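Novice: This is what each chain is made of:
Number of protein chains: 2
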Amino acid sequence: MRPSQGGQPDPGGDPRGTTQPALLAISDALEKNKADILFRNEIDLEAGRRAGLTPSLLDRLALTDRRVMDMAKGLRDVAAFPDPLADVLDGWDRPNGLKIQKVRVPLGVIAMIYEARPNVTVDATGLCIKSGNAVVLRGGKEAVDSNSILVHVVKDALVKAGLPASSVQFVGTTDRSVIRDLVRLDRFIDLVIPRGGEEMVSAIREMATVPVLSHGRGLCSVFVDREADLEMAERIVLNAKIQRPGVCNAMETLLVDRDIAAEFIPRIVRRLAEKNVTVHGDSETQKRGGGAVTPALPADFDTEFLGLELAMKVVGSTDEAIAHINAHGSHHSDAIVTTNEETARKFLAGVDSAAVFHNVSTRFHDGGELGLGTEMGISTQKLHARGSMGMKELTTTKYLIRGFGQVRE
Amino acid sequence: MRPSQGGQPDPGGDPRGTTQPALLAISDALEKNKADILFRNEIDLEAGRRAGLTPSLLDRLALTDRRVMDMAKGLRDVAAFPDPLADVLDGWDRPNGLKIQKVRVPLGVIAMIYEARPNVTVDATGLCIKSGNAVVLRGGKEAVDSNSILVHVVKDALVKAGLPASSVQFVGTTDRSVIRDLVRLDRFIDLVIPRGGEEMVSAIREMATVPVLSHGRGLCSVFVDREADLEMAERIVLNAKIQRPGVCNAMETLLVDRDIAAEFIPRIVRRLAEKNVTVHGDSETQKRGGGAVTPALPADFDTEFLGLELAMKVVGSTDEAIAHINAHGSHHSDAIVTTNEETARKFLAGVDSAAVFHNVSTRFHDGGELGLGTEMGISTQKLHARGSMGMKELTTTKYLIRGFGQVRE
Numbered sequence: 000m001r002p003s004q005g006g007q008p009d010p011g012g013d014p015r016g017t018t019q020p021a022l023l024a025i026s027d028a029l030e031k032n033k034a035d036i037l038f039r040n041e042i043d044l045e046a047g048r049r050a051g052l053t054p055s056l057l058d059r060l061a062l063t064d065r066r067v068m069d070m071a072k073g074l075r076d077v078a079a080f081p082d083p084l085a086d087v088l089d090g091w092d093r094p095n096g097l098k099i100q101k102v103r104v105p106l107g108v109i110a111m112i113y114e115a116r117p118n119v120t121v122d123a124t125g126l127c128i129k130s131g132n133a134v135v136l137r138g139g140k141e142a143v144d145s146n147s148i149l150v151h152v153v154k155d156a157l158v159k160a161g162l163p164a165s166s167v168q169f170v171g172t173t174d175r176s177v178i179r180d181l182v183r184l185d186r187f188i189d190l191v192i193p194r195g196g197e198e199m200v201s202a203i204r205e206m207a208t209v210p211v212l213s214h215g216r217g218l219c220s221v222f223v224d225r226e227a228d229l230e231m232a233e234r235i236v237l238n239a240k241i242q243r244p245g246v247c248n249a250m251e252t253l254l255v256d257r258d259i260a261a262e263f264i265p266r267i268v269r270r271l272a273e274k275n276v277t278v279h280g281d282s283e284t285q286k287r288g289g290g291a292v293t294p295a296l297p298a299d300f301d302t303e304f305l306g307l308e309l310a311m312k313v314v315g316s317t318d319e320a321i322a323h324i325n326a327h328g329s330h331h332s333d334a335i336v337t338t339n340e341e342t343a344r345k346f347l348a349g350v351d352s353a354a355v356f357h358n359v360s361t362r363f364h365d366g367g368e369l370g371l372g373t374e375m376g377i378s379t380q381k382l383h384a385r386g387s388m389g390m391k392e393l394t395t396t397k398y399l400i401r402g403f404g405q406v407r408e
Numbered sequence: 000m001r002p003s004q005g006g007q008p009d010p011g012g013d014p015r016g017t018t019q020p021a022l023l024a025i026s027d028a029l030e031k032n033k034a035d036i037l038f039r040n041e042i043d044l045e046a047g048r049r050a051g052l053t054p055s056l057l058d059r060l061a062l063t064d065r066r067v068m069d070m071a072k073g074l075r076d077v078a079a080f081p082d083p084l085a086d087v088l089d090g091w092d093r094p095n096g097l098k099i100q101k102v103r104v105p106l107g108v109i110a111m112i113y114e115a116r117p118n119v120t121v122d123a124t125g126l127c128i129k130s131g132n133a134v135v136l137r138g139g140k141e142a143v144d145s146n147s148i149l150v151h152v153v154k155d156a157l158v159k160a161g162l163p164a165s166s167v168q169f170v171g172t173t174d175r176s177v178i179r180d181l182v183r184l185d186r187f188i189d190l191v192i193p194r195g196g197e198e199m200v201s202a203i204r205e206m207a208t209v210p211v212l213s214h215g216r217g218l219c220s221v222f223v224d225r226e227a228d229l230e231m232a233e234r235i236v237l238n239a240k241i242q243r244p245g246v247c248n249a250m251e252t253l254l255v256d257r258d259i260a261a262e263f264i265p266r267i268v269r270r271l272a273e274k275n276v277t278v279h280g281d282s283e284t285q286k287r288g289g290g291a292v293t294p295a296l297p298a299d300f301d302t303e304f305l306g307l308e309l310a311m312k313v314v315g316s317t318d319e320a321i322a323h324i325n326a327h328g329s330h331h332s333d334a335i336v337t338t339n340e341e342t343a344r345k346f347l348a349g350v351d352s353a354a355v356f357h358n359v360s361t362r363f364h365d366g367g368e369l370g371l372g373t374e375m376g377i378s379t380q381k382l383h384a385r386g387s388m389g390m391k392e393l394t395t396t397k398y399l400i401r402g403f404g405q406v407r408e
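Just so you know, the sequences run in chain order L and V.
The opening residue of the first sequence carries number 0 in numbering that gives the first Met the number 0; numbering runs sequentially from there.
The opening residue of the second sequence carries number 0 in numbering that gives the first Met the number 0; numbering runs sequentially from there.
Isolated chain L, as found in the complex (with noise of 0.2 Å):
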């Protein structure tokens, strides 16, 4: 077992880390606790009928045969990684002497904050283990007869495989007043991240003392260049407003470049309105799209949808299309589609975005499609950690130098 602060790499030993044996472990007793978990689960849902929840959040709440099956391999595929703590970042000698070395360390002890999902206290238990570090779970009153078993299962599949109990601990009190305590632990707690609505997230962010990383809100933008395939366009359009609307990485703006505006804009309007699509449209865009364009209002150009709805804009170039972006959007995921790579080049360098595409679906910013395993979620800050945040963005890193009695003039 490493230490849970800060502990340093083991350089032999499995190339999985130390404590894959452990998420092997809490994914088999997953699997054969199933019935468990789920009549458990069956009681929060009750209760969240009840208590008049709604048909989505009911859904986000309910735990499946499939749902847990999912989970356990969840687990397996983060077990299987390469273990995160074995990096040695950088090494260097000087010419005193000296050795340097940069390792890759745990941050210590993660709070994990989050709502009605239960397979988030399984998701974020795993990476975090994975990571090295201890975590604190406090998930939704809603949620809490399906916690309460998955930790139970979880803690004791852990002790089982040797790791001490307390690597994970569960905030079982319901009481709201509690997060604030939890986030104002900055001596205990090296990290909090809250998993939840914009209201949470920024409620906790005003409220904590601990440092926090959060999923950021996605306003994103999909350019279609002069130079574009139309054909290719419009795949990625739709994909990128219909194939999820309800998600962050989902398109919300379509930017179109005025010489191909007359070809492309009645075809894709058509389109989009097939699907039931709204379309919010500037001047152009409703002179070349017609009737099926409602006018926009500016506020449509700062609004994620998070439907069946988008703003559309006619642009006269790349620079204005990045600009247009890098004012509106909220630096999260932006595609442009051009056969033209230098015209590409410029926008992937322009646009200060956490993720820019080059003739693909924004849809594919997520820690999974970009073959980072699962995710904590996708950060929009710049510090620490910038975009799909996997197991690597919960550690830090640590100086070791070794010498023979240097001391300094």
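No wet-lab data here; the hints were simulated from the structure.
Take these hints with a grain of salt, some might be off.
[Stated by the list, open to error] Within a straight-line C-alpha distance of at most 20 Å, the following computed EDC-like cross-link-like pairs (lysine to aspartate or glutamate) qualify:
#1 L:K345 <-> V:D155
#2 V:K98 <-> L:D69
#3 V:K31 <-> V:D64
#4 L:K101 <-> V:D64
#5 V:K101 <-> L:D365
#6 V:K33 <-> V:D155
#7 V:K101 <-> L:D89
[Unchecked claim] Now the stretches of chain L that chain V is said to cover, found in silico as 3 or more residues with beta-carbon under 8 Å:
#8 13-25
#9 367-377
[What the hints assert, rightly or not] Derived Cβ-Cβ restraints for the label pairs, each shown as a range:
#10 V:K140 <-> L:T208: 56 to 64 Å
#11 L:G404 <-> V:S176: 46 to 54 Å
#12 V:M206 <-> L:E197: 21 to 29 Å
#13 V:P94 <-> L:A164: 36 to 44 Å
#14 V:L184 <-> L:E319: 31 to 39 Å
#15 L:E198 <-> V:L184: 54 to 62 Å
#16 L:T208 <-> V:E303: 44 to 52 Å
Please read all numbers here as calculations on a predicted model, not as lab measurements.
Positions of the beta carbon are idealized from the N, C-alpha and C atoms, including for glycine.
Assemble the complex: chain L is given as a structure, and chain V must be docked to it using the hints.
Specialist: Quick look at chain V alone, frame taken from chain L:
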């Protein structure tokens, strides 16, 4: 010129980056304008003397021929470093053909808030420009004349080298309320770096909505293990305490293994007394060290003396030393002296500090000594930057994803 916000590296070109000519031009201009700079500094010094500034504050405020030359040399050193923005940190392909890169990009706009030392104006500007950032400078009111001329010289050289004058902004007003406004401009400023006393830094942390990176407090310890080379231990202890006692990487606490206490303590106490160092010792240290040791209060082990004083304690094991350091230290720089590699490894792994040393004085935790070039300070935070902060800590990352029309199913 790079875009000031989130620009992408140009893979070709000079390995030292596109800002090298500007940095060299500023360096030359400082040397050329030395007389004017010293003249304006003398105005600040004269006002400071009239206002009754302490000699140490006047010393920090004072520029000399040598100090101006050192600033110019510092810029040349920074210019010679490899371009931090040229790094493609990672790159891989996905089975669906997506090509993914993680590149380093500037943070954007960095605000420096500092006190008397006018050299910060030049040092910070050099690191910010090298890393592709714009900088907003807010120096102390005692140094306003010196900073004005330095900024004038810097901007003039920048513009002649083809960079925009706006890449360096100077807040000339000495009104303190401007600091509060500045650190809340999170829409325009990406990072605030306060450089100054603990009180100033914590006030800024409290007010700021912009992320803050700051130099941390240094309560550093040296542990002399039972298998230490005692001659080496003496040399390291004396260096870490005495060579420059007022700085953050000086030793404040000395821990000695019980097995060597009878031999080492009388010897080191005598040497420390010769150098006028007051030793606050626990009961065992008092017993071994005799009359030269004053009884330690519990608070002495939590005190950053920053002078010719230290706290000293006997411990029974390496584990006890590690536990003491993790509980009482400031997670900055700590050292072990031992000839036992296994004990050293345990200490390096177990001590949760930004830098951990084996048989080396803690005084080496410094950007220059570690070979990072000049530094912005030493962070004891765990997020984003830990330990010596150089030019790379002024950058963030960005995912670039290239494809040929991929959409998500």
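Novice: Now look at each hint and say whether the structure bears it out.
Specialist: Status of the hints after comparison with the structure:
| no. | hint | result |
| --- | --- | --- |
| 1 | L:K345 <-> V:D155 | 29 Å, violated |
| 2 | V:K98 <-> L:D69 | 27 Å, violated |
| 3 | V:K31 <-> V:D64 | 12 Å, holds |
| 4 | L:K101 <-> V:D64 | 37 Å, violated |
| 5 | V:K101 <-> L:D365 | 14 Å, holds |
| 6 | V:K33 <-> V:D155 | 15 Å, holds |
| 7 | V:K101 <-> L:D89 | 17 Å, holds |
| 8 | 13-25 | violated (count 0) |
| 9 | 367-377 | holds (count 3) |
| 10 | V:K140 <-> L:T208: 56 to 64 Å | 30 Å, violated |
| 11 | L:G404 <-> V:S176: 46 to 54 Å | 51 Å, holds |
| 12 | V:M206 <-> L:E197: 21 to 29 Å | 23 Å, holds |
| 13 | V:P94 <-> L:A164: 36 to 44 Å | 39 Å, holds |
| 14 | V:L184 <-> L:E319: 31 to 39 Å | 26 Å, violated |
| 15 | L:E198 <-> V:L184: 54 to 62 Å | 23 Å, violated |
| 16 | L:T208 <-> V:E303: 44 to 52 Å | 21 Å, violated |
The structure fails to meet hints 1, 2, 4, 8, 10, 14, 15 and 16 from the earlier list, while all remaining hints are met.
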